[in-house]
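There are 4 protein chains.
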Amino acid sequence: MIRFDSDYLEGAHPKVLKKIVESNYEQTMGYGKDKYCDSAKEKIKKALKRDDVDIHFMVGGTQTNMTVISSALKSHEAVICANTAHIFVNETGAIESYGNRIITISNEEGKISSNSIEYLVLSHENSFLPEFSPKPKLVYITIPTECGTSYTKGEIEDIYNVCKKYNMYLYIDGARMAYGVDVKDSDISFCDIPNMCDAFYIGGTKCGALFGEAVVLVNEELKKDFRYHIKQHGALLAKGRLLGMQFDTLFTKDLYFRLGKQANEFALKIKNAAVEKGYPLLYNSFTNQQFIIFPNDKLEELEKKFTFWHWEKLSKDHTAVRICTSWATTEENVEKLINSL
Amino acid sequence: MIRFDSDYLEGAHPKVLKKIVESNYEQTMGYGKDKYCDSAKEKIKKALKRDDVDIHFMVGGTQTNMTVISSALKSHEAVICANTAHIFVNETGAIESYGNRIITISNEEGKISSNSIEYLVLSHENSFLPEFSPKPKLVYITIPTECGTSYTKGEIEDIYNVCKKYNMYLYIDGARMAYGVDVKDSDISFCDIPNMCDAFYIGGTKCGALFGEAVVLVNEELKKDFRYHIKQHGALLAKGRLLGMQFDTLFTKDLYFRLGKQANEFALKIKNAAVEKGYPLLYNSFTNQQFIIFPNDKLEELEKKFTFWHWEKLSKDHTAVRICTSWATTEENVEKLINSL
Amino acid sequence: MIRFDSDYLEGAHPKVLKKIVESNYEQTMGYGKDKYCDSAKEKIKKALKRDDVDIHFMVGGTQTNMTVISSALKSHEAVICANTAHIFVNETGAIESYGNRIITISNEEGKISSNSIEYLVLSHENSFLPEFSPKPKLVYITIPTECGTSYTKGEIEDIYNVCKKYNMYLYIDGARMAYGVDVKDSDISFCDIPNMCDAFYIGGTKCGALFGEAVVLVNEELKKDFRYHIKQHGALLAKGRLLGMQFDTLFTKDLYFRLGKQANEFALKIKNAAVEKGYPLLYNSFTNQQFIIFPNDKLEELEKKFTFWHWEKLSKDHTAVRICTSWATTEENVEKLINSL
Amino acid sequence: MIRFDSDYLEGAHPKVLKKIVESNYEQTMGYGKDKYCDSAKEKIKKALKRDDVDIHFMVGGTQTNMTVISSALKSHEAVICANTAHIFVNETGAIESYGNRIITISNEEGKISSNSIEYLVLSHENSFLPEFSPKPKLVYITIPTECGTSYTKGEIEDIYNVCKKYNMYLYIDGARMAYGVDVKDSDISFCDIPNMCDAFYIGGTKCGALFGEAVVLVNEELKKDFRYHIKQHGALLAKGRLLGMQFDTLFTKDLYFRLGKQANEFALKIKNAAVEKGYPLLYNSFTNQQFIIFPNDKLEELEKKFTFWHWEKLSKDHTAVRICTSWATTEENVEKLINSL
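Residue numbers (our numbering), protein chains in the order written: chain S, 1 to 341; chain X, 342 to 682; chain E, 683 to 1023; chain W, 1024 to 1364.
If you're looking for bench data, these hints aren't it; they were derived computationally from the structure. Accuracy of the hints is not assured; some may be wrong.
[As the list claims (entries may be wrong)] The calculated DSSO-like cross-link candidates involving lysine-lysine, where the alpha carbons are at most 27 Å apart (straight line), are: (1) E:Lys717 / X:Lys359; (2) S:Lys164 / E:Lys905; (3) X:Lys374 / E:Lys986; (4) S:Lys35 / S:Lys49; (5) S:Lys19 / W:Lys1339; (6) W:Lys1068 / S:Lys15; (7) X:Lys677 / E:Lys717; (8) W:Lys1188 / X:Lys564; (9) X:Lys565 / X:Lys505; (10) E:Lys700 / E:Lys717; (11) X:Lys506 / S:Lys313; (12) X:Lys359 / E:Lys697; (13) X:Lys356 / E:Lys701; (14) E:Lys987 / X:Lys376; (15) W:Lys1246 / X:Lys505; (16) X:Lys646 / E:Lys717; (17) W:Lys1041 / S:Lys15; (18) W:Lys1327 / S:Lys33; (19) S:Lys223 / E:Lys846; (20) E:Lys715 / X:Lys645; (21) E:Lys905 / S:Lys165; (22) X:Lys360 / E:Lys700; (23) W:Lys1328 / S:Lys35; (24) E:Lys697 / X:Lys376; (25) X:Lys376 / E:Lys700; (26) S:Lys304 / W:Lys1056; (27) S:Lys305 / W:Lys1058; (28) X:Lys374 / E:Lys995; (29) X:Lys356 / E:Lys697; (30) S:Lys165 / E:Lys906; (31) W:Lys1246 / S:Lys19; (32) X:Lys654 / E:Lys715; (33) E:Lys1018 / X:Lys376; (34) X:Lys594 / X:Lys618; (35) W:Lys1066 / W:Lys1042; (36) S:Lys224 / E:Lys846; (37) X:Lys565 / W:Lys1247; (38) S:Lys304 / W:Lys1058; (39) E:Lys847 / S:Lys223; (40) W:Lys1056 / S:Lys313.
Model the full assembly from the supplied sequences, consistent with the hints where possible.
Okay, here's the thing in structure tokens:
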């Protein structure tokens, strides 16, 4: 079986593993206070062209989202996001478990607009008793979105401006960041990101690491006491160097971005082949996740050799599936899939 | 100015006040352990024809909802309700502040259906990784609804059956219970209620008391340690006898229900007059809250003498307002309003 | 039976009740947005000689403490207090239920010292990994203490200075404030209080009201969005005017302080009589709570006519009891008790 | 510098690493639903001689403790533990952040007694208003303790009996389990553990793994919906197989216990040498953590070559340090340390 159902099916890029193996007997202080974490932070700052951000490493995405968001908010404050957002759909109410409401707004292919955000905030502010509902305080978006689509730089700048106008934070989930910068339908470069949000994270788990996410805190207010929040949320890895080594490797010679670029190319090959064969797309993605609609009998046939994520039953005859490529996807397997379409 | 904007504009029914004044110098143990609370509980049990329920008194509605719901749930469990529900719209995320997600489903005039609930639960159960989203565990409905409308006995029984089928609780918010039983479009009697839910509360604040709500716990699981939850939620009134006296008075000679009936009659007079004059209704309510659509110029004219709650701007020319009657509404004021319509 | 076990055994001072009864049919906007609340706030500000504080009314003490404290803190921040503190001993973990740890420190007759606070904070700051334990952020004290004792002005100023030095809040629980200012062993006047803390509350429930507490927010940081917190904690009384009327009455012609003074005088009469008879005191209180140690057989005899709160079994033969006077205590009953000692 | 300050200074036992490297390109389903997790669970069950327990893998200790404990408790329920307990001292209030109070009781060298627990529970139950303080519901102990000491089988059985008598859970933190079974001062075997508690975890991070802890749920009540809690607490590792592989390796041919045994032997060598040289011990530990009291000048000398954890300043001249051995400690380094003592 050749699996295309997600981008965390394999271990890690061999260079990442190599670093972990080589240093195995070295003794280092725990909790992220080691030279590997320091080095990784320096490299990320250099790639971001920002020396004034704080960087912290955590293990997984849900953990990262709940730590950043709950540390930023008081209990009467709410998060605004798309109803497709990972924090809303896939994290078992972790945000609410720390006391905050999530307010979802409509989206187009996973993207929300500055207008919808402003409309929501104004409705709240202008209500007769605004204190009767949670106060919008943080906007959550994803680069790229859960639908594989991308915001343009202008779109995110508009959102960030609305956030600043109404004294809200903009937080960007970058679980698949490697696949989301410098892509065809977006003009966002990696180093743009700290200039257009208050905090974001750079995903490792789905982009070449065994596991790990790097949080980048831009806004001073969010930096304070952040290690308390990491520790309290059970997110401070004892052998923090494992995270440092992984990000140090991924941010050496642009490995992170090269892995993303390659996976995107494979994904577009599959997309183009599917379109050529006449299969409609659920979303028009230019990143490593493709959403293709198959007749069920065709799908059944494909699933004798390949696995996909069943995204949505669209009718009794048609199903949209997610097809993921990753750093580990091989040209050979891509060809096999294309030939079977 | 004659106010019709809500049903908690005045103090309390004079009999309620009288009891408080008369007993002022009596010394009683605090925290609900007094003879007035005992007597009130007995009278409520008698009216419910159920001796096996637990009754507790609290001060207000939000407090009551958050105490009952958070005591019933663990943090991974969710509440299902209409998107018009008081806990969703008017309680500042109190449910989420204790860790639980609220999942809203569509409603018709404030009412949700057993089918929508079952559909939601099945979607959850049948999802590929159900543990990735909060588990539906409690259904919240209101008698009467926030739109003034009423469930029939059969409708609630259907909802309760779905709850039992999927091991969920049914909790009924009865903030306006006095106005919601034995009304024209519903066949529900007060004593039916404990037979078709796991817990509910009998509202005092909006129905003749200065303040106070009586929680009725039917399901054994919910009874355990409930006083811990009341105290922890800051909801245990030191001079608990004030609550006992009020409910004791309201449940003497059916005062509670007589007040509700009278207010409903006044409300229907207003509704009928409005319909006769050709004003459309937003919802078809038979209880003390009426939702009438006025042209803005007519509304402006009326608001020189009367106050209403602006419910919804329907267009640039029309506004729906809520008109409330209560135990304190006088026939004279009702006539004045009708004559001005 | 003549009860001396607590100071919330009766209803309210007759002037308070009268105001509620007189205004019963008046229609006012809910949620504290009425003229009675406005007037009460003005009178309290005048008594405090501070126009720049924010005042909010709530129903009870636990509710008030949990709302103020949880609104002030993030989840990694902790409260410092005596291990006799009401929030630690008598509120069912309400503070923890909102996510914050309580750190208790040793006390003398209910009083903590600026030195112990500073020692604790320094131990935390100087630990190898301070982020491994909650960060002290708010100090909670009581005027007068749960042991009836009083801080001097200098003692509280010292505590407040430590708080400011380490960027912490000082919050004062004034459940029995009426009995705690201008007492024999303390030089604190009511109008001193806002000058030596960040927030405090003025207790009504135990000092002449049916119920109610007035929160005074001094520090700007604590004022923001406070009504959201009140509402979210179920602490926003629908008929808020009931609170306004009570505090308006209590702060008219110093009624609040006159009630406190009288109760203190009665308490000291009892204390002096007890000392004269040779009964030892558990704490040396000059306020309305007295803590007297009786041989068990004497206690048994007294308890045929009077009730006390059993505070602590000191040996198999001796028990310390709390004897409370209040606004409602009569000279006649005090004499009866003294004659029976 | 040769480090002895903790047992998580190196990577992982080479066999563990080898497994991860070998399987790197294999594709598996995420979230613990892979064959490695299945196999590891089977091996652990076999070692425990219990087929009816549920096993789940998480990443770190704080995460594990907060997930197990918060999933077991409602917000009014409290945890009982030693004031040296890891959850109290080293986890930034994670337990409180989910709403529960920790009640500490006195301990001897890190051990609490069934008597102290029962005394606490009875004090609570017999108080006048038990609902005014959190209800003890879970006892937390550690094998071995944070002081390196060990409970005997009889001591834990006594504690477990008290728990069952008062309807409480017993949860055992086994962060250093490998070093805590079959040690000189304890008669506990690994397979005894599920028979004397409701839940426990088997620590990987400090015992040969890169990271990872295996939770064993014995009590049926705790098994329900546990994966929801893991996911909600951000504790469900995407590439769960990494945890499966590590525990599978550690539980093959008793590697886990062999590593523990060796580290204990090295620790005892150091201890005996220290005692021989006349250095007093802070605690009498037979496990991999040793607590030795040095004169400060001697310590300074040692710290030119070795690192220790400064545990407690005992006087101005003496300091107690923690010396840890682990799976990675070499005989050579142990000899070097002994020769320098």
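Status of each hint after checking the structure:
| no. | hint | verdict |
| --- | --- | --- |
| 1 | E:Lys717 / X:Lys359 | holds (24 Å) |
| 2 | S:Lys164 / E:Lys905 | holds (21 Å) |
| 3 | X:Lys374 / E:Lys986 | holds (20 Å) |
| 4 | S:Lys35 / S:Lys49 | holds (21 Å) |
| 5 | S:Lys19 / W:Lys1339 | violated (44 Å) |
| 6 | W:Lys1068 / S:Lys15 | violated (35 Å) |
| 7 | X:Lys677 / E:Lys717 | holds (26 Å) |
| 8 | W:Lys1188 / X:Lys564 | holds (21 Å) |
| 9 | X:Lys565 / X:Lys505 | holds (19 Å) |
| 10 | E:Lys700 / E:Lys717 | holds (17 Å) |
| 11 | X:Lys506 / S:Lys313 | holds (26 Å) |
| 12 | X:Lys359 / E:Lys697 | holds (15 Å) |
| 13 | X:Lys356 / E:Lys701 | holds (17 Å) |
| 14 | E:Lys987 / X:Lys376 | holds (20 Å) |
| 15 | W:Lys1246 / X:Lys505 | holds (21 Å) |
| 16 | X:Lys646 / E:Lys717 | holds (20 Å) |
| 17 | W:Lys1041 / S:Lys15 | holds (15 Å) |
| 18 | W:Lys1327 / S:Lys33 | holds (20 Å) |
| 19 | S:Lys223 / E:Lys846 | holds (21 Å) |
| 20 | E:Lys715 / X:Lys645 | holds (20 Å) |
| 21 | E:Lys905 / S:Lys165 | holds (21 Å) |
| 22 | X:Lys360 / E:Lys700 | holds (13 Å) |
| 23 | W:Lys1328 / S:Lys35 | holds (20 Å) |
| 24 | E:Lys697 / X:Lys376 | holds (25 Å) |
| 25 | X:Lys376 / E:Lys700 | holds (24 Å) |
| 26 | S:Lys304 / W:Lys1056 | holds (20 Å) |
| 27 | S:Lys305 / W:Lys1058 | holds (20 Å) |
| 28 | X:Lys374 / E:Lys995 | holds (24 Å) |
| 29 | X:Lys356 / E:Lys697 | holds (19 Å) |
| 30 | S:Lys165 / E:Lys906 | holds (18 Å) |
| 31 | W:Lys1246 / S:Lys19 | violated (38 Å) |
| 32 | X:Lys654 / E:Lys715 | holds (24 Å) |
| 33 | E:Lys1018 / X:Lys376 | holds (26 Å) |
| 34 | X:Lys594 / X:Lys618 | violated (38 Å) |
| 35 | W:Lys1066 / W:Lys1042 | holds (16 Å) |
| 36 | S:Lys224 / E:Lys846 | holds (18 Å) |
| 37 | X:Lys565 / W:Lys1247 | holds (19 Å) |
| 38 | S:Lys304 / W:Lys1058 | holds (20 Å) |
| 39 | E:Lys847 / S:Lys223 | holds (21 Å) |
| 40 | W:Lys1056 / S:Lys313 | holds (24 Å) |
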